[in-house]
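Line order of the protein sequences matches chains S and W. Heads up, the first sequence is in the numbering used here, so the first residue is 1 and it goes up one at a time. Heads up, the second sequence is in the numbering used here, so the first residue is 1 and it goes up one at a time.
If you're looking for bench data, these hints aren't it; they were derived computationally from the structure. Please note that the accuracy of each hint is not assured.
The list treats identical chains as one, so a pair stands whether inside a single copy or across any two.
[Stated by the list, open to error] Derived lysine to aspartate or glutamate pairs resembling EDC-like cross-links, with alpha carbons at most 16 Å apart:
#1 329 <-> 251
#2 329 <-> 205
#3 329 <-> 229
#4 410 <-> 400
#5 348 <-> 370
#6 329 <-> 204
Listed below, chain by chain, are the residues.
Number of protein chains: 2
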Amino acid sequence: MSTALFTDRYEFTMLSAALRDGSADRRCVFEVFARRLPTGRRYGVVAGTGRLLAALADCRVDPAELAYLRDAGVVDDQTARWLADYRFTGDIHGYAEGELYYPGSPILTVTGTFAECVVLETLVLSVLNHDCAVAAAAARMVTAARGRRLIEMGSRRTHEEAAVACARAAYLAGFGATSNLAAGHRYGIPTAGTAAHAFTLLHDDEAAAFAGQVAALGKQTTLLVDTYDISEGIRRAVAVAGPGLGAIRIDSGDLSMMARQSRQLLDSLGAVDTKIIVSGDLDEHAIAALAAEPVDAYGAGTSVVTGSGAPTAELVYKLVEVDGRPVVKRSEHKATIGGRKTAVRRHKPTGTATEEVVASRGAPEPAPHDRLLQRPYLIAGEPARDLPTLAESREHLRAELVAVPWEGLKLSAGEPAIPVTMMGGDR
Amino acid sequence: MSTALFTDRYEFTMLSAALRDGSADRRCVFEVFARRLPTGRRYGVVAGTGRLLAALADCRVDPAELAYLRDAGVVDDQTARWLADYRFTGDIHGYAEGELYYPGSPILTVTGTFAECVVLETLVLSVLNHDCAVAAAAARMVTAARGRRLIEMGSRRTHEEAAVACARAAYLAGFGATSNLAAGHRYGIPTAGTAAHAFTLLHDDEAAAFAGQVAALGKQTTLLVDTYDISEGIRRAVAVAGPGLGAIRIDSGDLSMMARQSRQLLDSLGAVDTKIIVSGDLDEHAIAALAAEPVDAYGAGTSVVTGSGAPTAELVYKLVEVDGRPVVKRSEHKATIGGRKTAVRRHKPTGTATEEVVASRGAPEPAPHDRLLQRPYLIAGEPARDLPTLAESREHLRAELVAVPWEGLKLSAGEPAIPVTMMGGDR
Chain S
1 MSTALFTDRY EFTMLSAALR DGSADRRCVF EVFARRLPTG RRYGVVAGTG RLLAALADCR
61 VDPAELAYLR DAGVVDDQTA RWLADYRFTG DIHGYAEGEL YYPGSPILTV TGTFAECVVL
121 ETLVLSVLNH DCAVAAAAAR MVTAARGRRL IEMGSRRTHE EAAVACARAA YLAGFGATSN
181 LAAGHRYGIP TAGTAAHAFT LLHDDEAAAF AGQVAALGKQ TTLLVDTYDI SEGIRRAVAV
241 AGPGLGAIRI DSGDLSMMAR QSRQLLDSLG AVDTKIIVSG DLDEHAIAAL AAEPVDAYGA
301 GTSVVTGSGA PTAELVYKLV EVDGRPVVKR SEHKATIGGR KTAVRRHKPT GTATEEVVAS
361 RGAPEPAPHD RLLQRPYLIA GEPARDLPTL AESREHLRAE LVAVPWEGLK LSAGEPAIPV
421 TMMGGDR
Chain W
1 MSTALFTDRY EFTMLSAALR DGSADRRCVF EVFARRLPTG RRYGVVAGTG RLLAALADCR
61 VDPAELAYLR DAGVVDDQTA RWLADYRFTG DIHGYAEGEL YYPGSPILTV TGTFAECVVL
121 ETLVLSVLNH DCAVAAAAAR MVTAARGRRL IEMGSRRTHE EAAVACARAA YLAGFGATSN
181 LAAGHRYGIP TAGTAAHAFT LLHDDEAAAF AGQVAALGKQ TTLLVDTYDI SEGIRRAVAV
241 AGPGLGAIRI DSGDLSMMAR QSRQLLDSLG AVDTKIIVSG DLDEHAIAAL AAEPVDAYGA
301 GTSVVTGSGA PTAELVYKLV EVDGRPVVKR SEHKATIGGR KTAVRRHKPT GTATEEVVAS
361 RGAPEPAPHD RLLQRPYLIA GEPARDLPTL AESREHLRAE LVAVPWEGLK LSAGEPAIPV
421 TMMGGDR
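Throw the hints in and build the complete structure from the sequences for me.
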């Protein structure tokens, strides 16, 4: 399926005008960055780059789309001919998936003619704004869970295709599994889930439902015990599955108290290895509040797929250089520096990150323990090298979160975990 | 493309267990409703039903998906055979797209065997939760705009496929156009957009950019005048395009003051018919605050696609009846009533809505000026009749918003615009 029309009309009208007045072939550099993080957040997480590169490979205007664009008067003949042959032949560099970012970090740099770069703006931002927002929220939940397993189960609370991308971003951020089967199929992410309240209500009584589930899914399954009375549900669950029952899930009520009481009851019934999974409107704060309770895994849904209060990363795609000349919108003079940027992250000898240095039109002065943050993705339109696997990106983020100063992992509102030093173009 | 895996794993494991224990063929009724509206909202807007019905038609498990499900251990042989032949043969009734809804309104009712209904849960909720959230936010912006034109331009701030659905929901809610070309192509929605700051920065100066745009797009185009100095930008725009310039767009700064000063300047230059379009982080409150200013159209982006603070409608899909027996999860006894519901809306003779009556297992007593809210969509798996066009649904919502008591259109937080009376199953 073509991704070429996942775009704003003005990209194509700018293209028309640039083709006509001769400016379409000027060499341009566009950069993706966030002017700020969502209120109170201490870091952003790069996610979606792999999805974006796949979408770019499908960014060709097909004949039906071309007919629409002409019939609707969006493009003229010259532009239609240009679009019919369109293929991105420029360069893309960027941060790794799973890398942290801060205000001003140039997480993606697109270089090529104005024409071939401008038509990518909307698609680039849609993918990155969505996936980065979800990954950042999910990463906070992973920190809050302190090593306990997290299951992403928010598909029903977001657009059906967005749900698949959410599952990918949450797994990248450290979740252990998703409920979403399309994500399992498409990306190889582990999937989880056993039964909802409807399965219990379908049966004549709870014991019959549990028996049906255990017969089909085995004793290692997870039984949902809160359709009627939780204590009775737990007794029935152990009676049906035996003390070797895999897990129980509790989806409502005071989860702290329920977890404690359920653990005691399970232990008293001999089900000492039966795990407790809790779900129901959990966000990073609710997860953190359960740290002292005997919970083995958390199911999180709405808060993951809606970015836990920050549903978009607010990344922008800005033209920073034309034919080697830095450009900048005047009203942004103080906040934004024109010109192509190079970014490094600085660290203490212990590995703790201390600063990100972003230099315009030149490299930051080298220092020990620097790490260059940008890598080539496409050179002259061709893949520069194999992409990391999702598992590798996940491990990269895990390691990066270890390198953040400890204040940066606090859930409370605060400043970015490390400062970003912008170095101007006149150096 | 198949939509069958846009689902949670537990739908398929429940299916497995139900096929095995013989409960899969029990006749079930599932209902979609919201327990509550987002905090302070006064109504919900039904949106996405047309998209959902199209997705249901593609809800067949293809061979590659089936192989994945078996290899991943999600389903057993019996379930795999059942899924290979799956086609929904039950009934679907529901509210019209563009209908308002309130807490407890049964906006969609799915009737059939447990097996064929349960596997639809996640897809149904994904589509409706997303589209209803966007439509409700967009409808508030339409009210705030008091008849002025609204352009949806939020594609870059949400997932690339979700963006297309957002454009559809915003148009349904009364927006006049979208920036999203895929939405134009797929749904015939009018598209809009001319140029971004990048087009100005690409050129040697602003006058050259304006000349290039006018040459390609004509004098009726919209020139973006705030890349450098707005007053100079307006003078240049009129100098290049003449006083017949279509519109200017202002995307930053104090939009109230800018709109007033720009109107004066345009008028003084003879460009008395040149329209003023404003954009830049507009939500319903910002739009309302511009009511007294000489603004002709608003561009709204992030706030539309993120539901302006309520990115999901929190609709649920609940089993309410099994083989004619009403069922309900015990912990919800007070709030939820089992059994299939029938809903009518009551009105004054003047047409103003006064109440929604939702009766379980029977119809509300008839009253003058009642309107039955549910209509058949699928009967025995076949379309019951032609769906309304998007334009018809848009007109339906427009008329419904006229029928709401005036307090219901206030943007401030408040109670639902009309009360919902739930009538129990024992009547």
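Each hint, compared with the structure:
1. When the C-alpha separation of residue 329 and residue 251 is checked against a cutoff of 16 Å, the pair qualifies only between copies, where the shortest distance is 12 Å, while the shortest distance within a copy is 51 Å.
2. Proximity of residue 329 and residue 205 under a CA criterion of 16 Å is satisfied inter-copy only: 12 Å between copies versus 67 Å inside one chain copy.
3. Taking the closest pair of Cα atoms, residue 329 and residue 229 come within 16 Å of each other only across two copies (10 Å); inside a single copy the shortest separation is 62 Å, beyond that limit.
4. Taking the closest pair of Cα atoms, residue 410 and residue 400 come within 16 Å of each other only inside a single copy of the chain (15 Å); across copies the shortest separation is 47 Å, beyond that limit.
5. Taking CA atoms no more than 16 Å apart as the test, residue 348 paired with residue 370 passes inside one copy only; the shortest distance there is 9 Å, against 72 Å between copies.
6. When the C-alpha separation of residue 329 and residue 204 is checked against a cutoff of 16 Å, the pair qualifies only between copies, where the shortest distance is 13 Å, while the shortest distance within a copy is 68 Å.
Comparing the model with each earlier hint shows no violations; every hint is respected.
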